[in-house]
Amino acid sequence: AQKVTQAQTEISVVEKEDVTLDCVYETRDTTYYLFWYKQPPSGELVFLIRRNSFDEQNEISGRYSWNFQKSTSSFNFTITASQVVDSAVYFCALSEKSTNAGKSTFGDGTTLTVKP
Amino acid sequence: NAGVTQTPKFQVLKTGQSMTLQCAQDMNHEYMSWYRQDPGMGLRLIHYSVGAGITDQGEVPNGYNVSRSTTEDFPLRLLSAAPSQTSVYFCASSAGQSNQPQHFGDGTRLSIL
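Quick note, the sequences are listed as chains U and W, same order.
Everything in the first sequence is counted per this note's numbering, starting at 1 for the first residue and increasing by one.
Everything in the second sequence is counted per this note's numbering, starting at 1001 for the first residue and increasing by one.
To be clear, the hints were calculated from the coordinates, so they are not data collected in a lab.
Watch out, some of these pointers could steer you wrong.
Claimed, not checked - Label pairs and their calculated CB-CB ranges:
#, chain 1, residue 1, chain 2, residue 2, range
1, W, 1007, U, 41, 18 to 24 angstroms
2, U, 50, W, 1075, 26 to 32 angstroms
3, U, 24, W, 1005, 30 to 36 angstroms
4, U, 9, W, 1005, 28 to 34 angstroms
5, U, 63, W, 1017, 42 to 48 angstroms
6, U, 116, W, 1053, 51 to 57 angstroms
7, U, 57, W, 1020, 42 to 48 angstroms
8, W, 1070, U, 44, 22 to 28 angstroms
9, W, 1084, U, 52, 33 to 39 angstroms
10, W, 1005, U, 54, 33 to 39 angstroms
11, W, 1015, U, 56, 47 to 53 angstroms
12, W, 1020, U, 54, 38 to 44 angstroms
13, U, 40, W, 1059, 23 to 29 angstroms
To be verified - Simulated crosslink set (DMTMM-like; lysine to aspartate or glutamate; CA at most 25 angstroms straight-line):
#, chain 1, residue 1, chain 2, residue 2
14, U, 16, W, 1030
15, U, 38, W, 1030
16, U, 97, W, 1072
17, U, 97, U, 56
18, W, 1014, W, 1106
19, U, 38, W, 1059
20, U, 38, W, 1106
21, U, 97, U, 15
22, U, 3, W, 1056
23, U, 3, W, 1059
24, U, 70, U, 29
25, W, 1009, U, 59
26, U, 97, U, 55
27, U, 115, U, 15
Claimed, not checked - Calculated from the model, a selection of chain U residues having no Cβ within reach of chain W, i.e. all distances over 10 angstroms:
#, residue
28, 17
29, 65
30, 113
Here a beta-carbon is modelled for each residue, glycine too, at the ideal position from N, C-alpha and C.
Build the full structure now, drawing on both the sequences and the hints.
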């Protein structure tokens, strides 16, 4: 069965600090997809990034970067020079190719608070 | 573009009442899902559909029914509301298969008294 664990329930940082959100997953599939979503205080869910299981290249997009490591089943998300607007709940999610159903298993989320 | 539209945004019910949460998408997506979000528990899958006429149960289906008569619409029915169903409900759609991100509606905040 697939499972996503976000061990950090809440993180609080001061503006301009760097912060890393951890995500560990479990799956029996050899082909799978990992996602990060952001839920700001307004409540909507916004897709941030997708990574395929066969692509371990890490990615940087502005202040955001993602570190995918199959050896440790981790897909961590780092925000550099955090800003107050980064305050949100961040969800990591997993989809398995074998299910082929457009649905995901979500972690419980990490609430990030960035203080000015 | 409207994307995924959920109605109503808020609803208060009494225990035992029934109601339907509406979900419509205008992106011609095959795949649609319903999740519930409870504090500290992330999103849990209730039901999902891989196309018109096809639905299946997710992780927490008890107390809910769905149907998918058209590609665009995927309503969620609460048969007899219970306080344990107090939650925020999200409908999502995706373009296809497992490698596509999901597009979410704005959610329905449901309270059962």
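So, going through the hints one by one against the coordinates:
Range check, residue 1007(W) to residue 41(U): about 22 angstroms between beta-carbon atoms, so the 18 to 24 angstroms window is met. Range check, residue 50(U) to residue 1075(W): Cβ separation about 28 angstroms, and the 26 to 32 angstroms hint holds. Between residue 24(U) and residue 1005(W) the beta carbons are some 34 angstroms apart, a value that agrees with the proposed interval 30 to 36 angstroms. At about 32 angstroms, the CB distance of residue 9(U) to residue 1005(W) agrees with the hint of 28 to 34 angstroms.
Separated by about 47 angstroms at the C-beta atoms, residue 63(U) and residue 1017(W) satisfy the suggested range of 42 to 48 angstroms. Roughly 52 angstroms separates the CB atoms of residue 116(U) and residue 1053(W), a value that falls within the hinted 51 to 57 angstroms. Between residue 57(U) and residue 1020(W) the beta carbons are some 45 angstroms apart, a value that agrees with the proposed interval 42 to 48 angstroms. With their beta carbons about 24 angstroms apart, residue 1070(W) and residue 44(U) fall inside the hinted range of 22 to 28 angstroms.
Between residue 1084(W) and residue 52(U) the beta carbons are some 37 angstroms apart, a value that agrees with the proposed interval 33 to 39 angstroms. Taken as a hint, the range 33 to 39 angstroms holds for the pair residue 1005(W) and residue 54(U), whose Cβ atoms sit roughly 35 angstroms apart. Range check, residue 1015(W) to residue 56(U): about 50 angstroms between beta-carbon atoms, so the 47 to 53 angstroms window is met. The given range of 38 to 44 angstroms is respected by residue 1020(W) and residue 54(U), whose C-beta atoms sit roughly 41 angstroms from each other.
Range check, residue 40(U) to residue 1059(W): Cβ separation about 25 angstroms, and the 23 to 29 angstroms hint holds. Between residue 16(U) and residue 1030(W), the direct Cα distance comes to roughly 42 angstroms. Violation of the 25 angstroms bound is thereby established for this hinted pair. Distance check on the hinted pair: residue 38(U) and residue 1030(W) sit about 24 angstroms apart at the alpha-carbon level, within 25 angstroms; holds. Among the hinted pairs, residue 97(U) with residue 1072(W) is consistent with the structure: their alpha-carbon atoms are about 24 angstroms apart, no more than 25 angstroms.
For a cut-off of 25 angstroms, the pair hint linking residue 97(U) to residue 56(U) stands: about 17 angstroms separates their Cα positions. As the CA atoms of residue 1014(W) and residue 1106(W) are separated by approximately 23 angstroms, the hinted pair is consistent with the 25 angstroms bound. With a CA separation close to 22 angstroms, the supplied pair residue 38(U) and residue 1059(W) stays within the 25 angstroms bound. The straight-line distance between the Cα atoms of residue 38(U) and residue 1106(W) is roughly 13 angstroms, inside the 25 angstroms bound, and the hint therefore holds.
Annotation: proposed proximity of residue 97(U) to residue 15(U) is violated, straight-line Cα distance about 39 angstroms (limit 25 angstroms). With a C-alpha separation of about 19 angstroms, the suggested pairing of residue 3(U) with residue 1056(W) holds against the 25 angstroms cut-off. Using a Cα cut-off of 25 angstroms, the hinted pair residue 3(U) and residue 1059(W) holds, with the two alpha carbons roughly 12 angstroms apart. For the proposed pair residue 70(U) and residue 29(U), the alpha carbon gap of about 12 angstroms is at most 25 angstroms, so the pair holds.
For the hint linking residue 1009(W) to residue 59(U), the alpha-carbon distance of about 36 angstroms lies beyond 25 angstroms, and the restraint is violated. Between residue 97(U) and residue 55(U), the direct Cα distance comes to roughly 15 angstroms. Compliance with the 25 angstroms bound is thereby established for this hinted pair. For the hint pairing residue 115(U) with residue 15(U), the CA-to-CA distance comes to about 6 angstroms; that is within 25 angstroms, so the pair holds. With 10 angstroms as the threshold on Cβ separation, the claim that residue 17(U) sits away from chain W holds: the shortest Cβ distance comes to roughly 24 angstroms.
Listed as outside the interface, residue 65(U) is consistent with that label: its C-beta sits roughly 18 angstroms from the nearest C-beta of chain W, beyond the 10 angstroms cut-off. For residue 113(U), the non-interface assignment is confirmed: its Cβ lies about 15 angstroms from the closest Cβ of chain W, beyond the 10 angstroms cut-off.
The structure does not agree with the numbered hints 14, 21 and 25 stated previously, though it agrees with the rest.
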